[in-house]
Each structure stands twice: as structure tokens, then as C-alpha cells.
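Protein chains: 2
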Amino acid sequence: MPSVFASPNPVLFGRGTSKEIGEKLKEFGCTKVLVIFDQGVKKAGIADTVIANINRAGIGTVAYDDVLPDPPDWSIEEAAALGLREDVDGVVGLGGGSSMDTAKGAKLLLSNPPPINQYFGRDGVVKTAGKPLIVIPTTAGTGSENTPGGVITDTRRNVKDVVVGPGCAVSLGIVDPELTVALPPEITASTGMDAFCHAVESFTSKRWNSFSDVVAKEAITLIGKNLTRAYHEGSNIEAREAMLFASSLGGIAMSGPLCHLGHDIGKPLGANFHIPHGTSVASCLPQILEYIAPAVPEKIRFIAEALGNHVPETASVDTIGELAGAAVKALMKEINLPNFKSYGLTKSEVLGIAPDVIKFGLALAPMPTTEDVVRNLLSQAFEEN
Amino acid sequence: MPSVFASPNPVLFGRGTSKEIGEKLKEFGCTKVLVIFDQGVKKAGIADTVIANINRAGIGTVAYDDVLPDPPDWSIEEAAALGLREDVDGVVGLGGGSSMDTAKGAKLLLSNPPPINQYFGRDGVVKTAGKPLIVIPTTAGTGSENTPGGVITDTRRNVKDVVVGPGCAVSLGIVDPELTVALPPEITASTGMDAFCHAVESFTSKRWNSFSDVVAKEAITLIGKNLTRAYHEGSNIEAREAMLFASSLGGIAMSGPLCHLGHDIGKPLGANFHIPHGTSVASCLPQILEYIAPAVPEKIRFIAEALGNHVPETASVDTIGELAGAAVKALMKEINLPNFKSYGLTKSEVLGIAPDVIKFGLALAPMPTTEDVVRNLLSQAFEEN
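Residue numbers (the numbering used here), protein chains in the order written: chain A, 4 to 388; chain B, 4 to 388.
Some hints here could point you the wrong way.
Given that identical chains are not distinguished, each listed pair holds provided it fits within a single copy or across any two copies.
[Unchecked claim] Below, simulated DSSO-like cross-link-like pairs (lysine-lysine); rule was C-alpha separation at most 27 Å, straight line:
#1 Lys-336 x Lys-350
#2 Lys-22 x Lys-209
#3 Lys-209 x Lys-29
#4 Lys-27 x Lys-130
No lab work stands behind these hints, which were simulated from the structure alone.
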């Protein structure tokens, strides 16, 4: 199927690369930077280490350490205001997707007036480049270092929206698996499933393309082999490296095809019940794969087999879907991923998000996305997962 | 190994996509475009078809149909002068690497004064975007639709140099395998080996990176399975599609790591003896793989196996190199690729290019690139291939 593929962000990948942050900022001509992270990254000691590495290169720093999950618009404005007050000439986003996306938004507001909401939109409102931005992921999930946009919560509408384009572009991603070794198992699980959903959903999106498929397949294969290892053996650097590479590939894979039902369902779940992003987007994945199997059976077969479930050559599309669904359920059990009941939700609460899925979702699944379909998926997921 | 990966060009890939050229130019706001191609593309009837598709969308055309192999600087200036005289607001490059690179250079000169030579350099002299440029490859070789630069012959120095950056950037690549079905076998062979060298050399470059490797491996696998098929069965659209996809992946793969000995040797061979580009860059490939096997044995093993030569688990690095070299020699025989003797060259003529390889080459092989090494490779290739 013809489609467009482009991966705009330069990325430096490898063990120990985060130590190069100071030199890289120097190459961009920075003298004082706004470093953006959250309390988790601070407590893990990662922020102190990175800031020390920046300072060692003779570059000043000012810290915004209040990043929130599903970052709200006002926090982006708060971070940018701090940067403007302190007259910084560059931004560093350090952490998971929330920190990197806050940094993308803050970069935009260093060169453009607030509020951030006026720059929302997938076409990219701001066409001119701003100050340099380096992002450093500390989780193997979001792949935000490889995407052209930042996801921000519009608190007036209670939905997530995006800023895209040169005004918030990543100048360099520094992707260092050593930073992910100390990640707690439950965050490894949740963020790992986010990466898996990026790869699986872009692979099966209506907007799939051949280039993206190459990258998505590699990500799916790596996650199938390494997520449970990274979950059970946190200090296994090979597993961590494979997972971080896979999540970074996921960011490339989804840049064109985008995601579909998993993320369409996960976003209102996250907004309404504060379920971690990765857990919420994966919440119905087994059921989604079963549902879309008739449209893309060979791709669903690939996913099942990447998770270790052999699919007989002569399997029907229903069987292919069931085997893939079972493989994802087994993976989710293996990494103790919380389900709807873990969060004390009732079935009717869960089903209540269906209208928002239709209203705000991208509807890029290769099968129809109706409110009934979504209610069925949620209902099955509530019973089965 | 840490490195930087970025693939800047959007690409539309698939059978029949070239029919969309008019609509795509409209989306870029073009009203009259300079269409750049060579006599081969004209004789094959491809230029007429594409121009008719452009005109059907209500867009005017002016043709520059004199593209030369290894396009000389003055021909770029000639094409651009025609475009300026005719007041075009967009460029289409249609053909192999020479046509696409001529189009990149002409685009640059539509918005910047000649001569083209003042814009040479890998860092990209012109930082501002010019007029829209759509490129359409008609050979499965160069991958130029996916690279950030254009290769142009500097006639004053008799070397190839490059223009890079926004000033010559591809706005969209349209990659349609149907355009390659009528390609003569000898051009299928030569351009296919160019694509293979891009993938193999970027995969084994000193500047390799993990992202690029994913793409390079897919290209190597596809070429291993499809080049002889495309050579022997020109109308086999599956083989043509796989080859064109592989060559496009090759363009992505090499954008960061660049090429090494194959292209370092091939470029002066091409400049001095007018051997087609793909044939000249592949001329020493078996020997190069044997030479670099000690540095990257597992990668050379991958290449040998992708060409169907099983490598025993316990094979020594020398054996791995020999098996890969033998596999490439077999491929070259299978597609009747001309060797040095086919061009009536003597051994001393061939060895005579060694100083230029050192002087102008990138020296990115994972083993030392000295004049002696190059002479040995050329000498062995002269005897063996």
C-alpha cells in the first residue's frame, strides 16, 4: 500500500551515551539549559548525574522537576516561563514520554508566546526552528525521541492533543540503555507494553507502509524476546538494551502510520482513571488482535509467532487471532500487568469511555471502529484479561 | 556502537504510485515544473507517460532530457538555466541516480546563483528550503530518493562531490515498481549491485549504527532473494517490487554510515573508464568482504547466508570471508556482471586508480584503507572476478 515514511530525528544510541550530553549541547552552542524531568527520575538519581555531566562541560542548568503524567497544558507553560526567566538557550528533556513531551512543548514556548493550546494540531502550526532540544529517555516505552510531536493534555477539553513540527523538534535523542537498568519492574512492564502497542498498532494501521513495517517487525521481535527478561532481570543490560532499542524503533514505526484501537481506547482510560499510559493502551490488546485478524491475518500471525506462539500454516483467520490474543494475554500475565479490576473499576465505568474513544480516536484500525465494537472489546477485556 | 540515524525524505512507495505525480505536485502548489530525465528514460516512453500525468493535473512542464551519467557540474547549470528561463515553480527528477541528482542540483540553482561548485560539501552550504522537488526512480539501484544529497561531477577536479541540505532536499520520492519492469537485464544487474553495495557497505561501515543495520539487513535479504529473479524475469513484478524496495532501503541505510571501499574504488573507476556506476562499485566486492571479515565476522556471515551460502557455526573468520566472497562472485556470474576484462582494461590501468582511491575515498571500511590494500584488492579482483 502506498504511503509516506519519514523519520526526522537524529538519535545517538548506545550504552554510556548519556555521558556525552555536555559535549553535544556544546556542539549546539548552548551555554545554559532548562533540564526537564519528574520526581521519579530525580529520586532515581538520574537527574543529578545528567546535570553534573552538563555542568562539567561548562554549561549552566536550571531544573524544572515537576513533570506530571499526561502532562497538562499549564505545566508546559510553567516550565517555559522558568526557562524564559532564566534566559536559557536550550532544553533537555529527561525521563519517560511525559518529560520528553513537556520538553518539546517548553521548547516551543521559549520562542513563541503562550498559551500552548493555540499550537495544537497534527499539521504543525509553528514552522520555524526554535532553540536546541536534546531528549534522553529513561524508560523503554514511548519512543518520543523518534517522533515529530509532543502529546499534551488540554485541560479545558480533558483530552490529549499534540504539538508537531520544527518549533518543537528534537535536535538530538540520546538513548542510553544504562539509564533504564534501575527501572522498577512495574514500570518496565507498563512502558514495555506501550512500546509493543506502538509497534503492533503501526504495523496493523490502515496507514501502514512498507518502510515502517521493516522497523515495526524488528521492534515486535525484540520485545517478544526481551520484555519478560527485562521485567524479571532488571539488571540484564542486554535485555534492557534490546527493549530500549525496540521502543526507539517503535517511535520511528508509528511516525507515519500512527496508532489505532489500543491507543484510541487507552487515552480516555488514562485521562479518566489515571491508569499508567502503557497499561491503559495495552488493556484490550488481546481482543483487538482477535478483532482485526480477518483484515490482516499474516501480520497477526507474525505477532503471535514473535511472542512464541506457533501458528499452523493452515490456521483459519479466527485461529490466528485467537493464538495471537492468547500470546499477548500470556505475556501480560508473565509481567503482572494490572487489569481493569486491579484498579477497582466496574464494568460500567469501563464501558462508559466508549463514546470518547469514538469522539477523539484516530479510527485507523483495519476494521470498523464503532461504539459497539469498542464496547465489545472493553467488555471482553474486562472479563478475560 | 553509538551513532546518528536520520532519514529525512518522505517517500510514497507502491505499484502505480507514479500516476499520482500530478496530484502531488498540486499539493505542493506547483503550476509549471522542470522535468529532468535522460535519453534512456525518454526512449523507454516513461518520460512521456509521466509528463502526460503531470499535464493532466493542469500543471505545465518543460523538459530537460539531456541528463548524463555521473552528471557534470555544467549540466546541472544548464538544466537550472532552462528552469529559470521558463519560470518554473517546481522540479521533477525522473530516472536513475544521475537524473535524480541532476534534479537536486537544479533545484538548488533555481533559488541560488551558479556555479553549483560553490555549494559542494557534506555539511550542506544552503540552509534554506528551495522550490518543491519530486523524484521518481526508474532503476532499483541508487536509492537517491531516500538520501539527503546529490552526487555531481566536479569537472575542474575530475572527481565526484556532493550537494546536501534543505536547498536540494527531496520534497517527496515516488517509488513505483511498475516503472522498472522494462529495465534491460544489464541495467538491472548493474543498478542492483549498486543497491547491494549501499546495503553491504553501510552495514559494515565504521560509522554503522543500530537503526541503519535493521534497514540494511532487510535490503541485503531482499536483494539476495530477488536480484537474479529480476535479472532473468524482467516482467516479474514481485521481484521488481522487492528490488526497488531494497534499493530504497539502501538509500536510508547509507544516509548515516555512508559507504566505504566499494564506492571508494568504484568512483575513480567510473570517472576514468566510464564503467557504469553499479558495476564499478561492485568490481572488488568479493575481495572487500574477504578483507574486512576479521573486523566484522558476524556481519559478513549474515551477508553470505543472505546470498544462500550456509556458513558453519564454527567457521573461522577466514572461512566466513571466503564463503561470502564466493557467494558474491556466484551472484555476479549469475547476472553476467561485466568485469575489468570485459572493458578491455589492463591490470596496470586498473591498479593506476589506487592513488585516487586514497585521495578521494571516505576510508570508512572497518579495516585499514592504504594504497597497498587497494592495489591488492584491485589485483585480486582483476584475476578472480
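Hints and how they fare:
1. Lys-336 x Lys-350: within (20 Å within a copy, 66 Å between copies)
2. Lys-22 x Lys-209: between (40 Å within a copy, 21 Å between copies)
3. Lys-209 x Lys-29: Classified as between: cross-chain Cα gap 24 Å, same-chain 42 Å, threshold 27 Å.
4. Lys-27 x Lys-130: Both: 24 Å inside a copy, 21 Å across copies.
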